[in-house]
Structure formats: structure tokens, C-alpha cells
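Go by the hints and put chain B onto chain A.
One letter stands for each residue in the lines below.
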Amino acid sequence: MLRQDYELVVGLEVHAQVSTQSKLFSGSSTAFGAEPNTQTCPIDLGMPGVLPVLNDKVVEAAVRTGLALNAHINKTSVFARKNYFYPDLPKGYQISQYDLPIVEHGRMTVDLEDGSSKEIGITRIHIEEDAGKSVHDIGDEKVSHVDLNRAGVPLMEIVSEPDIRTAEEAGAYVKKLRAILRFLEVCDGNMEQGSMRCDANVSVRKRGETKFGTRTEIKNLNSIRNIVRAIEYEAERQVEAIENGEKIYQETRLWDAGKNITRSMRGKENAHDYRYFPDPDLLPLRLKEDDIEAWKKTLPELPDQLKDRFMRDYSLNNYDAAVLSGSRESARFFEAALEGGRDPKLVANWIMVELFGALNKSGKDITESPVSPAQLGQLVGLIEKNTISGKIAKTVFEEMLQSSADPEEIVKAKGLVQITDTGAIEKAIDDIMAANADQVADFRSGNERVYGWFVGQVMKATQGKANPAMLNDLLRKKLQG
Amino acid sequence: MDLIKLGLKEAADLLKKREISSVELTKACMDRINSRNERLNAFVTITEDKALEMAQRSDKRLKEGNARLIEGVPLGMKDLFCTEGVLTTACSHILDGFVPPYESTVSANLWKAGGVLVGKTNMDEFAMGSSNETSYYGPVRNPWDESRTCGGSSGGSAAAVADYMCMGATGSDTGGSIRQPSAFAGIVGMKPTYGRCSRYGMVAFASSLDQAGAMCRNVEDTALMLRAMSGFDPMDSTSVDMPIENYDQNLDKLTLKGLRIGLPKEYFIKELDPEVKAIVDAAVARFTKEGAEVVEVSLPHTKYAVPVYYIIAPAEATSNLARYDGMRFGLRIEGENLADTYRKSRSKGFGWEVKRRIMIGNYTLSSGYYDAYYTKAQRVRALIAKDFADAFTQCDVIFTPTTPTPAFKLGEKISDPIQMFLNDVFTTGASLAGLPGISVPAGMVGGMPVGIQILGKPFAEQHLLQVAWAHEKMTAFAALDVKAA
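As you go down the protein sequences, you meet chains A and B in turn.
Here the first sequence is numbered in the numbering used here, starting from 1 and rising by one per residue.
Here the second sequence is numbered in the numbering used here, starting from 1 and rising by one per residue.
Here chain A stands alone, though its shape is the one from the complex:
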């Protein structure tokens, strides 16, 4: 935890690869994983005389994303050249947007574990092309290779305001943004394959200070977990440096996930002058109001709307509703499991605690769940009907995870049906009380603690199948005499 007298300030830059068949300015394929340099054409290779032609699908994706983030859509935006030399940048410049991006002034609400919500501003979204990939020293070779399959792949750079104050908020922001992009089907959000990348601008300041501290930019954050850990580390590092009287340099730092530290890449940013100017090969991008309106109509039900609906229709609390609406798959799973009128709160708990816990452990996502929504619904139904207790249900669920069998079958096969027969429970209690007269006397003389012991004994005698509420009722009556 960061020292109480310091405040963390974070802004995030997310690069999201727009899911299109072809590149931003050429007809080359964008498919992932092809042989190096097979998905290129003279335009991607920066050959003499070739020209970029804008892929309209990317414009549509950026505008829809802007609308989903409650942002202002600029009717006129301008593509600019960012000039620098690098072997994986074939033209010697990257086509991006600079002082007139397509989207500005958006905002997004993130929901935190303590049930609170926070609004984070979106400074801008701009469209740009990706560079290629440099591969150094393969095996014994002391040469570098360049793969230009990625060169020209369309990206949206989504820049947040420095509104983020904790590492948790940063994680929640990226998670939410990824959900929105996936709901819109504009980006697959796959951080491992690099289709979503994140840079974090991190600074700290003494609480009460109104000016920002000097920030560092952390790159190479390829998972939400790494984003959170890197920000936590970097904040601590900066505080420690300041406390030791050292200066924080504005620099780019790399996250080293193996060592859990950030490392300086000093020297790059300060020296660079990208000499931006409007790309004369591309006319200013002018959007028609009609197109924007038409795209607005294609927006799906987004996480926030889904969350509101879950809170309204199923009386879920803010955090539960936010988690379940966090992906279309979990929202679908939840609603499918409710079929047949199950208790939403109970279903939500089972999904969020037991199912997510199990999936997390096995490294699967919800689409790979061994338990189907209908099966989970059935299980909750069995609890609701008092056929099994919540505790037994956990045993059944373990079995479901292993075998993907229906819960009813498991309960039947293993004889786990709950004992709701008053007589059977009473008999078990009577037997135990008869055999343990000392303990009965102990309880009756005022030792409440021994009550739990009796519950355990009765459960043991019924192999855990006694209905807990009934057991409780009967036991207390009998003990009190």
C-alpha cells in the first residue's frame, strides 16, 4: 500500500487493434500468426510512389467506440505523419492523428470492489497504423529480422485523463474498456497476442498538492495483472526516491514481469522530435451527420446499460451487476442460468464465487466452463427446493466441474438428498443427547459454546444431509428441554 501521505496519479494509453479484415491503408490481411512478411504489399512496405487509402471500417469502429464512451465525435479530423527512423517503420513515418483526432472528451465509469464507482475522463481516441516487429538475435545469429505483417494494422489509441488514483482503478479501467470494445466487436481485447496494449503514465504527489509530479511512462504491460503490479511498483519506487531526496526523471520505463520491477529506457523520448505535419496523401477526414447517426443505431446494449438492467430487474448490488455485465459471455451465462425463475442473487453468488473461482484456478474463461448455465441453474434450484443444503451443493458443484454431469444425477447417484424428515432428524438428536448426558448438562448450565459441537455431531450422524435450518430449530428446542 502506498504511504497515506502520498497520492498516486495515473493516466493510461491503450492501443486497441481494430478488428478488420484488411489493414488501415492497404488491402493486406490482418490475420494473426502468419509467416513473417507474407501479409504485406508495396503500400505496407513503404515502396516508392505508393499511397495510403483509408479503410472506412476503421473510421466506423472509432466513431462507435467514441459514442460508447460518451465522447465528442470530431466531424473533421486530420491524419498526420509522425517522423522517425526505425527498421520496422518502412516509410520512415507513422500515419497517425495529432492535433485533430477523430474522438475527444469522453468518459467512462468504473466500478470498484468496495461497491463505489468512479468516473474517468477519456481525453481522445485517434486512429493510427501499427509498425512492424523487430526480432533480434535468433539462435546464434547476430542479426536482426523485421516482420512487416503488423505494419499498417489499424489501431485506436485511447487516452485517458490522469484521473486514476489507485492501481485497482487502473485495472478496473482497462477491464471495463476491454469489455466495451468487445461488446462493440471493434477489438478482440486479446492482450497476450498484442491486440490490446497499454502504456501507463505514473506520477505521485503529496496529498493536498494540486500540481502533478513528474511522470514516467511504463511500457510493455501485457495483462491487467501486470498493469496493476507495475503501477504499484512504480508508485512505491517514486515515493521512495522522493523521500530519499532524489529527482524523478520524465522517462520511459519497461515493466519486467519476471523481476516485478520497472527499468529505465532512458534517452529515447527526450531527444525525439517527431516533426508532425498533416499527411498530404490523405485529405482531412470529414464525417457526415447521417453516418454518425446510422452508426449510433448499431450500438449494442453496453456494459453500463446491462449493469443498470441487472440492478433494476434482478436487484443485484452495484458491484455484482458490474462484474456480471463485464463481458457478454458472463452476462449471457447469468441470464441463461436464471431460466426457470431462480433467485438472481443466489445465482450471481454462485457464478461470481464458485464458478469464477474454479475457472480462475484452471485458467479457463467462461466460454470454456465445464458447467453449463442450465446446470448451474439446476443446482441453485436444488438448494431453493431444500433438496440439498448449500454445503452439500458445494460438493455437488465440485463433482460437476470434474464430470460436467447434471447436479440432479449427482445428488441421486450419491444419495445426497437432504433430510427434511423431522422424525429422522429428531431421532438423530435424541440418540446423541442420550449418549452425551454430560454435554447436555454443560449446555443447560449456560455453556452456549457446546451448541456447535451438537450441530457437528448431528451432521456427522446424517452424513451432512440434515437440513440445517430444521436441525437448528429442533436441536435448540430439545437442548433447552
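Just so you know, the hints here were simulated from the structure itself, not pulled from any lab data.
Be careful, since some hints might not be right.
[Claimed, not checked] Here chain A is said to cover these stretches of chain B; the calculated rule only asks that three of the stretch's residues, wherever they fall, bring their Cβ under 8 angstroms from a Cβ of chain A: (1) 81 to 92; (2) 201 to 208; (3) 236 to 246.
[What the hints assert, rightly or not] Listed next, the in silico EDC-like pairs over lysine to aspartate or glutamate satisfying Cα-Cα at most 16 angstroms (straight line): (4) Lys265(B) - Asp390(B); (5) Lys277(B) - Glu266(B); (6) Lys142(A) - Glu334(B); (7) Lys142(A) - Glu336(B); (8) Lys303(B) - Glu271(B); (9) Lys414(A) - Glu399(A).
[What the hints assert, rightly or not] Pulled from the structure, derived: some chain A residues nowhere near chain B, Cβ distances all over 12 angstroms: (10) Gln21; (11) Arg81; (12) Asn244; (13) Asp343; (14) Glu398.
The C-beta atom is built at its ideal place from N, Cα and C for all residues, glycine as well.
Okay, now just chain B, sitting in the frame of chain A:
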């Protein structure tokens, strides 16, 4: 019949009538090239085999009655246009050995119309120059006087056409690179409105100014060639989706009576050779005799055209030339490491004029100077365009000299960039405004041809060609005498 002296239209007609064959016409041009090129240095690559192959295919089509617009006519292609399978260097050392795997749209259009490629013409390196002296392959000599320049940057095309090596050639014009060499060589050269011809596959110099055009020995040929090469191209986002008229068909459909000729007072400056001025006056007089009116117009920002041009063009060039890094094509000089390889390849690969402009461009785009130079130049550019728009409310066409003087001597201005830049004083304004312009031969000064420039409204190519054609009919300009040359 002297085949090489045939005009483009004339040759196309005779080919269609099957009075001549494309192979014999192409061979005649090849003979001329082979006998003259060593002296003039108009071509840097001669594509004899390919030319004969294309000519044979044309003859087959002609025989089958499938002739297209300019079927079988030999053409020169400025080395700025990428030609699939044919060396393309923009006359720069850095593009050594570069054989494009694609064809420029302009050249593709010409081949689709039946044109035959005889070779790639010499030019200033990356089109940066006004005298062809910056070419890595040495300067072009003017066929009228070999001690003189044939202009630039399309000097090779101008010399090839004037010297009867081909019926027409492509040029590109960024600040006057078609019009000035055409004037120096006594031929017709037209730069259409920016956006008329696709820039796809044309090696970029200054993207917001570069425009391809046609160079021929008469107006009708120029009209025909321009018709064949221009048109909308989805591969060029700045190309304009407007229909192309049959320029060569309507040349005589203009009434000169009432035509308003604008003479911009700022163009008649003290540096203007009085004999050149007299030639412009005489041209105007021919029109007024036929009922045209003269209107004095003002283009008040004219004096800024050259400076603005020399800020915007190098800025764009510096970025356009960044791709020549020795990595994927062209010249590579291996260095100690990556930066050293860049440095050595580019130092060796670019000539001094190109380096000068790369440095100017980097300077004006760098932070702290960008607004003072680039942004301001763009604002003045808009004012220059507005000057023309205002002038064209009072006149239909503008007449000016194409250049202040006839062709100068090789070596005369090469060490003085300012003198060289001032040679573009009459042509850069229209380039900055994106307007169409044509240079037509109008007289001789000291044994050298002099051209006048006719400028028009955006997309008024047809109208300009009609005016130029009328001028040609009224002028007794004698083309270069082959025997004398």
C-alpha cells in the same frame, strides 16, 4: 515520310489506317534514340526489347481492328513513374537497381490506351531541380543548343520529345517541372489541375504539389495524351472523381471573341527579359485581334510564391524521402550498426540538392520552428490560391511568360540556388494553387525557343487546351529542324 516527325495524333491515325506499323515506327524512334541519346542524355533507361514487344502486340490489335486510343505510339516515361519490371530510379543513386513490382496508374493508363514504352527519361534527382543538373546520371542537353540546359525537372522528357525520339512523354510538375522544360525545348507541356492524374506509383517529391502531365510537340497531341493518362483513381485519395472530357475532340469549339485574358501585373517584373516580354505581348495581340479582351489583374501575393514553395515542398520531401533507408530496396552501404548504415546509405545515395532540401524540410518541421515556417507558409499558400480565385472572377485565362529567360547555359546557375529558384517564379504560384497550366511555344530569343504560360480555373483543362490550340493556329512557330540538329 519521316516517321519520327509524326505527331502523336498523326501517328495514331496512320497506324489505325494501317499505313504504317507500330514496329516500324518504334524502330524509327529507337534509331533516333540510339543515335542521339549519347549526346543529349535524354533517356536513362532504353527499353528496346520491351518496346518492340509492345509494338508487336499493338500491331496485332491494329490488324484485328481492336485499336485503342493511342495504339502503337512510342512514348517516353519520366523515370519518376514506377514501371513494373523496368528499372525506376528517379535519377537518384539511392534507388540503384530498384525494379518496381507494380505500375504507376498514369503509365498503366497509357499502356491501356495502347502506348509503347521506349524508355525512362532523365530528370533532376527526385524531381528536385530546374536544370536537370542534379540527376545522378548527368544533365540533359538541350537539342536546340547542347551547351544549354533543357530545363528541369522533366528535362529528359522535353529533350526526347523535341528531338523526335518519341511522340510524347510524361512529365511531373511540382513547381513548374513540366512547363519550364517544355518552354526551354520549344514543345507543349501541360500540368493539369491537382488531382486530375493519379499520383499512385509516381515517386513522391512534394505530395500536395506533385502532378503528372503530358509533353508533346503540339497542342492536339498533348490533349490526346492527357486524355489517355488522366482520370480518377481509387488508389490515390487526392485524385478527383470527375469525368475526363475528350480533350482532343473539342479543340476548335471556342469563340475567341469576348475571351477575357488576364495579365497579372506582378508577373511583369524587372528580371523579365524584354524580348521574352515582347513575345508575350505579341501572343496577346494575336488574341485581341480576334476579339479577345485584355484585363489587368493582380495577384498580390506573387512575391511569396517561391519562398512558400521552398518551405512546403522540402517539408513534404523530407518525410517522403525517409523511406530510402537502405533497408528494403535500392542502395545500401553497410555500416557498423543500424544508425551507421542509415547514415552511410543516405549520405552516398542522395545528391547535394536533395540533401539541401532534406535539411531545409527537417528544419522547418522541427518543434519551435514549425509554426513560424510550415504553418505560416500554408496560410500564405491559401492567400495565393485566393489571389487566383479573385483574378478568375475578372478573366477566363491568365497569360504569363513561362520563364523569365530562355534556356540558360549548363553550369550557369547550379552553384547559386537562389538564382535557380527564381527561375520558377512564374510557375510555382499555379502549383501552390493547384491550378492547371500549359506552356506553348511562342517565339524565339537568341536562337532559343520561348514559351508562354496559360493558366486556367480548376478543372478547366479543356478550355485551356482550346486557347492553346487557337494560339498554335495563329503562330508560325517552327519546331526544331532535325537536319540542323
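Tested hints:
Counting residues of the stretch 81 to 92 of chain B whose CB falls under 8 angstroms from any CB of chain A gives 4; the rule of at least 3 is met. Under a criterion of three residues with beta carbons nearer than 8 angstroms to beta carbons of chain A, the stated coverage of the stretch 201 to 208 of chain B is upheld, 7 such residues being counted. Evaluation of the coverage hint for the stretch 236 to 246 of chain B: fulfilled, as 3 residues show C-beta separations to chain A shorter than 8 angstroms, against a requirement of three. The straight-line distance between the Cα atoms of Lys265(B) and Asp390(B) is roughly 14 angstroms, inside the 16 angstroms bound, and the hint therefore holds.
A hinted pair counts as satisfied when its Cα atoms are at most 16 angstroms apart, and Lys277(B) with Glu266(B) qualifies at roughly 13 angstroms. With a CA separation close to 15 angstroms, the supplied pair Lys142(A) and Glu334(B) stays within the 16 angstroms bound. Under the criterion of a C-alpha separation no larger than 16 angstroms, the hint pairing Lys142(A) with Glu336(B) is consistent with the structure, at around 13 angstroms. The hinted pair formed by Lys303(B) and Glu271(B) meets the criterion: a straight-line CA distance of about 13 angstroms does not exceed 16 angstroms.
The hinted pair formed by Lys414(A) and Glu399(A) meets the criterion: a straight-line CA distance of about 11 angstroms does not exceed 16 angstroms. The Cβ of Gln21(A) sits about 17 angstroms from the closest Cβ of chain B, beyond the 12 angstroms cut-off, so the non-interface label holds. Consistency note on Arg81(A): stated as away from chain B, yet its beta-carbon is not over 12 angstroms from all of that chain's, at 5 angstroms minimum. With a cut of 12 angstroms on Cβ distances, Asn244(A) stays outside the contact zone with chain B, its closest approach being about 34 angstroms.
Separation of Asp343(A) from chain B is adequate, the least Cβ-Cβ distance of about 58 angstroms exceeding the 12 angstroms criterion. Distance check for Glu398(A) against chain B: the nearest CB is about 57 angstroms away, which clears 12 angstroms, and the non-interface claim stands.
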